[in-house]
Amino acid sequence: MFFQQLVNGLVSGCVYALIALGYTMIFGILGIVNFAQGEIYMFGAFGAVTVYAATGSLALAILAGLGAACLVGVLLERFAFRPLRGTHPLVPLISAIGASILLSSLARFFFGPEDRPFPHEFSAATYTVFSAHITGMQLTIMGISAALMTALWLFLTMSRHGKAIQAVAMDSDAARLSGINVNRAYVATFLSGSALSGVAGMLMAVYYNATSPTMGLLPGLKAFSAAILGGVGSIPGAIIGGLVLGVAENLGAAYLSSNFKDAFAFIALVLVLIIRPRGIMGQRK
Amino acid sequence: MSAYVFHVLIMVSIFAILSLSLNIIVGFAGLVSLGHAAFFGIGAYASGLMMIRGMGFVPALFLAGLCTAALGVALALPALRVKDDYLAIVTLGFGIIVVMVLMNLEVTGGPDGLVGIPPAALLGTPLYSKPGFLALTLGFLLVMILSVYALKQSRIGRAWAAIRDNDVTAMFMGINIYYYKMLAFIVSSFWAGLAGSLYAHYTAYINPQTFGMHTSIQILSMVVLGGIGSITGSLLGAALLVVLPEILRPLADYQDIFYGALLVTMMVFRPQGIMGRVKITEIFGKK
Amino acid sequence: MLRLSNIHTYYGNIHAVKGVSIHVNPGEIVALIGGNGAGKSTILRTISGILKPASGTIHFGSDDITSLGPESILRTGIGHVPEGRRLFKGLTVRDNLILGAYSRRDRDRIDDDIDAMERLFPILKKRKGQIAGTLSGGEQQMLAMARAMMARPGVLLLDEPSMGLAPIITAQIYAQIKALNLGEGLSMLLVEQNARLALNLAHRGYVVETGRIVMEGTTGELRESNEIQRAYLGKGYREVWE
Ligand SMILES: Nc1ncnc2c1ncn2[C@@H]1O[C@H](COP(=O)(O)OP(=O)(O)OP(=O)(O)O)[C@@H](O)[C@H]1O
Ligand SMILES: [Mg+2]
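Chains as they are written, first to last, in the working numbering: chain A, 25 to 309; chain B, 1122 to 1408; chain C, 5 to 246.
These are computed hints drawn from the structure, not numbers from a lab.
Do not rely on the hints blindly, as some may be mistaken.
Straight-line Cα separation of at most 25 angstroms, DMTMM-like style, residue types lysine to aspartate or glutamate; simulated pairs [claimed, not checked]:
| # | chain 1 | residue 1 | chain 2 | residue 2 |
| --- | --- | --- | --- | --- |
| 1 | C | Lys130 | C | Asp115 |
| 2 | B | Lys1251 | B | Glu1227 |
| 3 | C | Lys182 | C | Glu220 |
| 4 | A | Lys285 | B | Asp1286 |
| 5 | C | Lys132 | A | Asp195 |
| 6 | C | Lys132 | C | Asp117 |
| 7 | C | Lys130 | C | Asp116 |
| 8 | C | Lys182 | C | Glu122 |
| 9 | C | Lys22 | A | Asp197 |
| 10 | C | Lys56 | A | Asp197 |
| 11 | C | Lys56 | A | Asp195 |
| 12 | C | Lys130 | C | Asp117 |
| 13 | C | Lys93 | C | Glu32 |
| 14 | C | Lys132 | A | Asp197 |
| 15 | C | Lys132 | C | Glu87 |
| 16 | C | Lys56 | C | Glu75 |
| 17 | C | Lys129 | A | Asp195 |
| 18 | C | Lys129 | C | Asp116 |
| 19 | C | Lys93 | A | Asp197 |
| 20 | C | Lys132 | C | Asp112 |
| 21 | C | Lys56 | C | Asp67 |
| 22 | C | Lys93 | A | Asp195 |
| 23 | C | Lys22 | C | Glu188 |
| 24 | A | Lys285 | B | Glu1227 |
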């Protein structure tokens, strides 16, 4: 039972971590919270489901999901955030909230309010470790998440462009004086954050065999809690925060009350804010 | 006038109280709350439950306001340790938890909600007529406008303005920012609770869905549309966003598209809202 | 080679630079001196494109760079070492240097240039893998200059290189600035509050007060001027008159 919940928790934790990375990167570089991160996740799932239903090709579906998520991310950056740079913090915040509502209601308009299945048969094999049953899909989710996180880490710390993104996050004017195009860095950040969320959306659509216009709301909020839990702006923090939250939530549901499963994330959030507002990995400014 | 027109006017005045109360948090103190409908709901449930158990309308109304204010404190205690985006998420989470609790408790009737809430009554006479109830809500709205206006002009209002413009500077000016932010939450949640009570006794039936995120966003849209920090703006925002959906009833399914687009376009093109004054323009325009 | 004509710059409705015309000739060090808030940093930020002038023109060689963005201006050959160094504090010394060369297309030459910078500032070689934010003030100033040099500029804008440094470190930094000027023939526009320091190093100078140029001349002339002696070189009335 315990190990089973641990595995289930790690699986949802991976998804929260992928979305939390988007929040944390965008916050780190722009100082704003992209409230629509959960909707990017949802569009990733819908892009894949739609194309899969039409073509039956998994490869095309994945490409479409990535494309949809990235497109939404870039449009958001260009139209909902870029015009608002340098304004009172409430302004981009409200704009982001508006964008999030707009996107989920547009999805309902185009795809209808009902759940849509993502009927794909993945290897039904189950493995038993420490009395926990791990499905092939769960392994896939954990494997893909781990690979993406590693790739992101390598990109940011090893490549020239990744370092440039970090430089913009640290001091955007100094970055401009070094010849770094900050707008391009913002777009690159939105693109990578959106791609990760889009992948998370597709994985969950397959895992639960369902997509719906509101599917992004709770994972989005929980991932944000995870980002705070880990310390906003910190990449390792987002990963740890996501995993901790996923596990805590599953254990809480199993041992305390399953009716309040979705509340645990917020309770954890409030606790963190009281005990350690900087988050697990957050640094003193 | 037909009963329908009275109904719309009653809803306008209840939502005017709500948007004005949210404006205290957002426009005066420069904070943000995405869980305002939860206060509305707590007021409604508290008042409804008390009257079902035999309490009179007037005590139930004020007790509901006080209960809500107490919950406002409970939320603000942890929430005010953070600002801006964090605060938005904490309040949003709070809103979700409140709905979740209302859905799962037995006393609140779970997802079915509360039925048979007695009507409002003054001096022992129940207010069954719509014009009578409208007079009651308008009376409350008037008292609220006057008191909020007085508050805005007072020392408290000036402290809020200083915090909104720059809380670090305000702190150096010797303003106890935590205290004043807390005060904004208390006043705001008290009035939202009263609005909830009025609503419960008007409709006689309430359920948790009414008090979810959708309504929170709707109230925020009213504030933003009218003009952050503007009292007339909040009233106008409430009127527009109650009446427009009534007129556009055939398009009810797409209301949220409209709210979302409204928030984004207002922020990009006119962050000061319809009623924004020059001063507000400076604050919320480009720095 | 660098020429500003009648430049006006605003922050919102604060008029910070009011009709400034200055120029820097090839190989020349030009000092810009003036008190707090005079507008010196604003002039530099306008040249490097961080701020847009409301009117006036800026030419570099034969190019009009007035309306270019900072990346393009850097590519035409104007480097800027900002006030307060503004390093990428969480990155290593080496990463800061690599990012300094971000605008360059000849990437195979970057390693050679890093070597050259490490010869000029030997301490940077020792600190190669250290996080930039943990360097001492003097080391940070050297890294900031080296980072700007990595773009191979023809003119270097230097904003208060001596800020917050002990006199002995300042002397070392100034010696390195001079070496860059002599060795590479690099032109410089040097902002300093410490007028004595700047006037000793530079060839010519301008005095800025409340957004305007109030005096200009060779450093010899400026040093001789009574007003300068009184206001910027810290000599009392008595000393000047005697
Ligand atoms: N970001 C800004 N926003 C608004 N006003 C500014 C800003 N930066 C500078 N100013 C104003 O512009 C004027 C010129 O400032 P500037 O920084 O150019 O002065 P400075 O000569 O470099 O002073 P210092 O020697 O202290 O660095 C000052 O009055 C300052 O208050
Ligand atoms: Mg300066």
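Consistency of the hints with the structure:
1. C:Lys130 x C:Asp115: holds, 16 angstroms
2. B:Lys1251 x B:Glu1227: violated, 31 angstroms
3. C:Lys182 x C:Glu220: Status holds; Cα separation ~21 angstroms.
4. A:Lys285 x B:Asp1286: violated, 39 angstroms
5. C:Lys132 x A:Asp195: holds, 21 angstroms
6. C:Lys132 x C:Asp117: holds, 14 angstroms
7. C:Lys130 x C:Asp116: holds, 17 angstroms
8. C:Lys182 x C:Glu122: Holds, at about 17 angstroms.
9. C:Lys22 x A:Asp197: holds, 23 angstroms
10. C:Lys56 x A:Asp197: The hint holds at about 14 angstroms.
11. C:Lys56 x A:Asp195: Holds, because 19 angstroms separates the two Cα atoms, which is no more than 25 angstroms.
12. C:Lys130 x C:Asp117: Since the Cα atoms of Lys130 of chain C and Asp117 of chain C sit roughly 16 angstroms apart, the hinted pair holds (cutoff 25 angstroms).
13. C:Lys93 x C:Glu32: violated, 31 angstroms
14. C:Lys132 x A:Asp197: holds, 24 angstroms
15. C:Lys132 x C:Glu87: holds, 23 angstroms
16. C:Lys56 x C:Glu75: Holds, at about 14 angstroms.
17. C:Lys129 x A:Asp195: Satisfied, since the Cα-Cα distance of roughly 24 angstroms is no more than 25 angstroms.
18. C:Lys129 x C:Asp116: Answer holds: Lys129 of chain C to Asp116 of chain C is near 13 angstroms, not above 25 angstroms.
19. C:Lys93 x A:Asp197: holds, 13 angstroms
20. C:Lys132 x C:Asp112: holds, 19 angstroms
21. C:Lys56 x C:Asp67: OK: Lys56 of chain C and Asp67 of chain C at ~17 angstroms, within 25 angstroms.
22. C:Lys93 x A:Asp195: holds, 9 angstroms
23. C:Lys22 x C:Glu188: violated, 33 angstroms
24. A:Lys285 x B:Glu1227: Judged against 25 angstroms, a Cα distance of about 18 angstroms means the pair holds.
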